[in-house]
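Each protein sequence line maps, in turn, to chains A and B. Going by our numbering, the residue at position 16 of the first sequence is 30; the numbering climbs one at a time, nothing skipped. Going by our numbering, the residue at position 222 of the second sequence is 236; the numbering climbs one at a time, nothing skipped.
Simulated from the structure, these hints should not be mistaken for lab results. The structure presented is a predicted model; accordingly, all values stated were derived computationally and were not measured.
If chains are identical, the list can't say which one is meant, so a pair holds when it fits in one copy or spans any two.
Here are the simulated DSS-like pairs of lysine-lysine, each with C-alpha atoms no more than 25 Å apart in a straight line:
1. 73 - 265
2. 42 - 73
3. 95 - 169
4. 94 - 169
5. 42 - 263
6. 265 - 42
7. 73 - 94
8. 263 - 95
9. 95 - 319
10. 319 - 73
11. 42 - 303
There are 2 protein chains.
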Amino acid sequence: MAQPHPASTNTPRYLTGDQAGLREFLDKFDVFLFDCDGVLWSGDHCFPGTVETLELLRKNGKQVVFVTNNSTKSRADYRKKLEGLGIPSSVEEIFSSSYSSSIYISRILQLPENKRKVYVIGESGIEQELRSENVPFIGGTDPAYRRDVQPEDYKRIAAGDTSLLDPEVGVVLVGLDFHLNYLKLALAYHYVKRGAIFLATNIDSTLPNSGTLFPGAGSMSAPLIMMLGQDPVALGKPSQAMMDAIEGKFKFDRSRACMVGDRANTDIRFGLEGNLGGTLGVLTGVSSKEDFVSGPVRPLAYLDKLSDLLAAEQ
Amino acid sequence: MAQPHPASTNTPRYLTGDQAGLREFLDKFDVFLFDCDGVLWSGDHCFPGTVETLELLRKNGKQVVFVTNNSTKSRADYRKKLEGLGIPSSVEEIFSSSYSSSIYISRILQLPENKRKVYVIGESGIEQELRSENVPFIGGTDPAYRRDVQPEDYKRIAAGDTSLLDPEVGVVLVGLDFHLNYLKLALAYHYVKRGAIFLATNIDSTLPNSGTLFPGAGSMSAPLIMMLGQDPVALGKPSQAMMDAIEGKFKFDRSRACMVGDRANTDIRFGLEGNLGGTLGVLTGVSSKEDFVSGPVRPLAYLDKLSDLLAAEQ
Numbered sequence: 015m016a017q018p019h020p021a022s023t024n025t026p027r028y029l030t031g032d033q034a035g036l037r038e039f040l041d042k043f044d045v046f047l048f049d050c051d052g053v054l055w056s057g058d059h060c061f062p063g064t065v066e067t068l069e070l071l072r073k074n075g076k077q078v079v080f081v082t083n084n085s086t087k088s089r090a091d092y093r094k095k096l097e098g099l100g101i102p103s104s105v106e107e108i109f110s111s112s113y114s115s116s117i118y119i120s121r122i123l124q125l126p127e128n129k130r131k132v133y134v135i136g137e138s139g140i141e142q143e144l145r146s147e148n149v150p151f152i153g154g155t156d157p158a159y160r161r162d163v164q165p166e167d168y169k170r171i172a173a174g175d176t177s178l179l180d181p182e183v184g185v186v187l188v189g190l191d192f193h194l195n196y197l198k199l200a201l202a203y204h205y206v207k208r209g210a211i212f213l214a215t216n217i218d219s220t221l222p223n224s225g226t227l228f229p230g231a232g233s234m235s236a237p238l239i240m241m242l243g244q245d246p247v248a249l250g251k252p253s254q255a256m257m258d259a260i261e262g263k264f265k266f267d268r269s270r271a272c273m274v275g276d277r278a279n280t281d282i283r284f285g286l287e288g289n290l291g292g293t294l295g296v297l298t299g300v301s302s303k304e305d306f307v308s309g310p311v312r313p314l315a316y317l318d319k320l321s322d323l324l325a326a327e328q
Numbered sequence: 015m016a017q018p019h020p021a022s023t024n025t026p027r028y029l030t031g032d033q034a035g036l037r038e039f040l041d042k043f044d045v046f047l048f049d050c051d052g053v054l055w056s057g058d059h060c061f062p063g064t065v066e067t068l069e070l071l072r073k074n075g076k077q078v079v080f081v082t083n084n085s086t087k088s089r090a091d092y093r094k095k096l097e098g099l100g101i102p103s104s105v106e107e108i109f110s111s112s113y114s115s116s117i118y119i120s121r122i123l124q125l126p127e128n129k130r131k132v133y134v135i136g137e138s139g140i141e142q143e144l145r146s147e148n149v150p151f152i153g154g155t156d157p158a159y160r161r162d163v164q165p166e167d168y169k170r171i172a173a174g175d176t177s178l179l180d181p182e183v184g185v186v187l188v189g190l191d192f193h194l195n196y197l198k199l200a201l202a203y204h205y206v207k208r209g210a211i212f213l214a215t216n217i218d219s220t221l222p223n224s225g226t227l228f229p230g231a232g233s234m235s236a237p238l239i240m241m242l243g244q245d246p247v248a249l250g251k252p253s254q255a256m257m258d259a260i261e262g263k264f265k266f267d268r269s270r271a272c273m274v275g276d277r278a279n280t281d282i283r284f285g286l287e288g289n290l291g292g293t294l295g296v297l298t299g300v301s302s303k304e305d306f307v308s309g310p311v312r313p314l315a316y317l318d319k320l321s322d323l324l325a326a327e328q
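In isolation and in its complexed conformation, chain A is listed as follows:
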């Protein structure tokens, strides 16, 4: 694990109700990266003032980016989700782990000409984003992979039968897949053993739903990690591969960017390890005031709630 960022031992500044402090803080940044659940909304409930706060930032020329580890949705799907919560946004403002993965494959990995295909464990969000970057792929939601393993599959896989193991596959990308099965895991394992790069959209072990937890994208990678004795490169928060992908797209000055989040250990760490100019904690999610003020990973500043930013202009 990386060492805590030096800044993390500072005492964070409490900005709620501090108009001058808020103005000064906003003036320092051109770009605001937002964690979503716990910051802008909770579950299906948009926090009061979220829409107005985002408007204030945009009106002042700030770039707003919504950063999500949700790999099952494409950016277009996610924009619809924001719209459903009453939050206006554009696809260009959204950065999901499926998009991050696609950018990483298409713009950062230098794959040989004959190894450009991606074998996908995951849902349609990943497929849509791979298509948007013109990355060829197999697997994913293809019904041909949603079947039981058959006795002859073992022999075909062992023999390297090219109708089951495509020789052009150079990357295995594992995201959340509600149709995970034995065959998909066996194929992913053999692709990596044959030299494919092992990527994961994100490695969150759980996925919140209906007020409790369900298997997350990391749970899809877990069997492969155990079999291979190898971790994937993860493209979601807090992996810096995601920060690199965001920077690759928006070309911003990191010293003029601020990460906003409710979780010290993931969101704030993500901003600190990315050497962003600032990190802003909010108390409407997982981390407490004590976590931010005296925990091992501390933001530059914190607020009771995101909409406290509105006081900067009152």
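Following the hints, complete the assembly by docking chain B onto the known chain A.
Only chain B this time, still in chain A's reference frame:
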């Protein structure tokens, strides 16, 4: 990891061709526990002399036990497999991880009256062995669990709907399941979160087939281990829970028992950590002479091949 057994730093005795040494060795033991693949056979090929060696042991009044981590087969299935390889055996001589798990649940765990059901991830071998010990179970090969997760499942699981989450389940038992899916993992997670004991038939990450490797029973547990942050009690080699179960059944004197295997790190370790009177390595499988003679885990004695034991009576 357990400390190496003190005996493991001894120099193992090489017994091939040493008739007096072989006789002396055989006289020390009443019970021989056998790892199978790599000792008695390899893949589908029975080693020459295996049948005769087992006959020699039985003729001299030795108890023979076949110990296997294969959880998909019942003892009856496994006896058929031995028969197919030309090796006579009785069901009573076979000890599989599915049987070990059933014994552990029925005879060692003290489950409350209203928490006696087992939720199974696995195939019919586990079900047959649970039935043989009169342990009630759900899941397993029941087609009702071989389906995609549905949107309403999240709400039903979150609400503790007793038609999906049986309140009498007190144990989750995870073995190799060729029909693993998202719903099965979600249910297993929620049972353990609600207090069920987390068991695994075995935690081998891979399963050999057709000369290569496929996902093993450990790969079924891996997502749950990641989600729960908790390891299961494993009932296969080299877990001592399996040794306890074997002893519980055969009631033998450990000082008069010998474990025979081809792998220092699992088979020989299993015997050493179980404080058996002896361990015997054979060079027809994974470990080399160097592993046995100078590795960190060393048997009491070793042979080129199991059938070298026949020289004791020539």
